[in-house]
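There are 2 protein chains.
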Amino acid sequence: MAPQVAFIGLGGMGKGVAAKLAEWLGSGKAPGYSGPLVVYNRTTATAQGFAHETPGVTAVATVAEVVPAKIVFSLLANDAAADAVLGDYLSARAADGASHPAIYVNAATLLPATVKRQAAAAAKAGVEFVNMSVFGRPDAAATGSLVAVPAGPAAARQALAPLLPAFAGRGVWDLGEDPATSASFKLIGNFWISSQIEVAAECLALGAKNGIEDSAVLTMLETFLPSPIPIGYARRMGAGGYSTETGFAIDLGSKDLGHIRARAADSACPLPWADVAYIHLLQTKARHGGSLDWGAMFLAVRDNCGLPSNSKQE
Amino acid sequence: MAPQVAFIGLGGMGKGVAAKLAEWLGSGKAPGYSGPLVVYNRTTATAQGFAHETPGVTAVATVAEVVPAKIVFSLLANDAAADAVLGDYLSARAADGASHPAIYVNAATLLPATVKRQAAAAAKAGVEFVNMSVFGRPDAAATGSLVAVPAGPAAARQALAPLLPAFAGRGVWDLGEDPATSASFKLIGNFWISSQIEVAAECLALGAKNGIEDSAVLTMLETFLPSPIPIGYARRMGAGGYSTETGFAIDLGSKDLGHIRARAADSACPLPWADVAYIHLLQTKARHGGSLDWGAMFLAVRDNCGLPSNSKQE
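Taken in order, these protein sequences are the chains called G and F.
Residue 195 in this note's numbering sits at position 191 of the first sequence, and the numbers go up by one each step.
Residue 189 in this note's numbering sits at position 185 of the second sequence, and the numbers go up by one each step.
Incorrect hints may appear among the rest.
For chains that are exact copies, the list does not tell them apart, and a pair is met inside one copy or across any two.
DSS-like cross-link-like pairs, simulated, lysine-lysine; straight-line CA separation at most 30 angstroms [stated by the list, open to error]:
no., residue 1, residue 2
1, 120, 316
2, 259, 33
3, 74, 128
4, 316, 33
5, 33, 74
6, 33, 120
7, 213, 33
8, 128, 33
9, 316, 74
10, 128, 213
11, 120, 259
12, 213, 120
13, 128, 316
14, 213, 74
15, 259, 128
16, 259, 316
17, 74, 120
18, 213, 316
If you are wondering where the hints come from, they were derived from the structure by calculation, not from laboratory data.
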């Protein structure tokens, strides 16, 4: 019987995911699937070395050799590489005259527009396309503790499901039919992560310019991050809840952000994010008054991108 | 014996703190201090009503009547009110010819420049000044579960210490001698909180513009906030650790932020914070190369405010 699962792209993340997949297939825990895992990498020596050191893995030298598989995972470095490899795969499938059902699973972080284009090309060739973004670092991939965010045709997601426990130990967040939503979601997640870095950087810098040790700022983050503050505000914003019964009024918040910006100016510490948050508070005040909770700065963000107000208070 | 502790400013926060202080004084848990708590409010009826309903509280009608106290807490709405009341207090003390040691404790969120000016005015009148910013909402004040951040003369902080457990149930973060650092710290904390709101708002908006339910974004926040991501990056930035062994390279991060901005453009969803983070990544890349962890965007923030590089990798 031909191998059923193939994996393309053996970078730091790919190696971890592929190793866990091979182990999973070998263990018999995926009903309907068996090993070995066929791996392909554009640098062939990488695939050969990986197969040599990883039980249950067979290396191949051409994309054509993964065509027989029922499920092909792809985890490549960028949109251009991902486009090229999918193109090679679909060409090889056509050249083989292959018509068996196949599912192509992109796990790389690609533009939603790229994913949309790839899904259309795959569908045209009779291949179902699932975007399955993953969250986690290479060390999390190596221990099978990623989060996987699949989106694509229901039947394809169902066929894929028995394989996900191999590497998605921290959760599977199913986003439904449209592969592009998974790609967008991954970008939102990475935006959130980069925002945490920028927020912490600006807080540490303002501290350093005002005689406050990093350790004090870190104590604040360690105390407040697990507190109800960030999720509490996020939940209430999602629900359109801007009552000051549980929040802090825009007029008080904009006073404080004004103070923060004054401190930034006096200590020559540019804080672009304080400027943006302040402007969003003023915008919200101009349109909705100053007495809503400062979570209502979401109303300015919504307004600026054309979403209607979601306020339950008005 | 004259009352030893006074409290000025009975807004939502003040009432909670004052009630817990009165209870604490009455319980005998503060060695060297006893009740009743003397309260003053610019609207006298508020103080009278509060004293009527709160055991261990005595209302007074003038600032002059708090002069005999050893410790005077003040929690007022803004810098102008705080300036006016401290001025009244110091004038009354001078008019009385009072020379007993006294400690004036500001708990309001004021500009560090205001705090500096107030501390100087107090010192000139023989009064020690402590800035003791507090974190927490009125409901946390009412249950004694605030964080208190005192800074001021060592002897004054020592004298204050037995009173803090009354209301600072979540922690006392002592910042040392300079009252202004406590005021700056409070601004950094409120900047961090407002940043969490803005980050969540932009993530929710980008989701809404790309077919992703709020609930999926909230699931992501609920999963990643308690994860090692935000604190891990913050700690490594503080330590100048930008190795990609545990992080994500600038070149990969700037590719992703480029994708995020493209998605923002394509879905007409302004994301000013993505723009800032992207520019900081490019700035870091220009000066330090693209292979450091993307936490190195802190180097751009540091550079922009005149702090030296803290990189241990270079």
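Cross-check of the supplied hints:
{"no.": "1", "hint": "120 x 316", "result": "neither (35 angstroms within a copy, 42 angstroms between copies)"}
{"no.": "2", "hint": "259 x 33", "result": "neither (58 angstroms within a copy, 36 angstroms between copies)"}
{"no.": "3", "hint": "74 x 128", "result": "within (17 angstroms within a copy, 83 angstroms between copies)"}
{"no.": "4", "hint": "316 x 33", "result": "neither (48 angstroms within a copy, 45 angstroms between copies)"}
{"no.": "5", "hint": "33 x 74", "result": "within (17 angstroms within a copy, 72 angstroms between copies)"}
{"no.": "6", "hint": "33 x 120", "result": "neither (32 angstroms within a copy, 67 angstroms between copies)"}
{"no.": "7", "hint": "213 x 33", "result": "neither (56 angstroms within a copy, 39 angstroms between copies)"}
{"no.": "8", "hint": "128 x 33", "result": "neither (33 angstroms within a copy, 77 angstroms between copies)"}
{"no.": "9", "hint": "316 x 74", "result": "neither (49 angstroms within a copy, 47 angstroms between copies)"}
{"no.": "10", "hint": "128 x 213", "result": "between (58 angstroms within a copy, 27 angstroms between copies)"}
{"no.": "11", "hint": "120 x 259", "result": "between (45 angstroms within a copy, 19 angstroms between copies)"}
{"no.": "12", "hint": "213 x 120", "result": "between (47 angstroms within a copy, 16 angstroms between copies)"}
{"no.": "13", "hint": "128 x 316", "result": "neither (45 angstroms within a copy, 51 angstroms between copies)"}
{"no.": "14", "hint": "213 x 74", "result": "neither (58 angstroms within a copy, 34 angstroms between copies)"}
{"no.": "15", "hint": "259 x 128", "result": "between (57 angstroms within a copy, 29 angstroms between copies)"}
{"no.": "16", "hint": "259 x 316", "result": "within (24 angstroms within a copy, 38 angstroms between copies)"}
{"no.": "17", "hint": "74 x 120", "result": "within (21 angstroms within a copy, 71 angstroms between copies)"}
{"no.": "18", "hint": "213 x 316", "result": "between (40 angstroms within a copy, 20 angstroms between copies)"}
Checked against the numbered hints given earlier, this structure breaks hints 1, 2, 4, 6, 7, 8, 9, 13 and 14; the rest are met.
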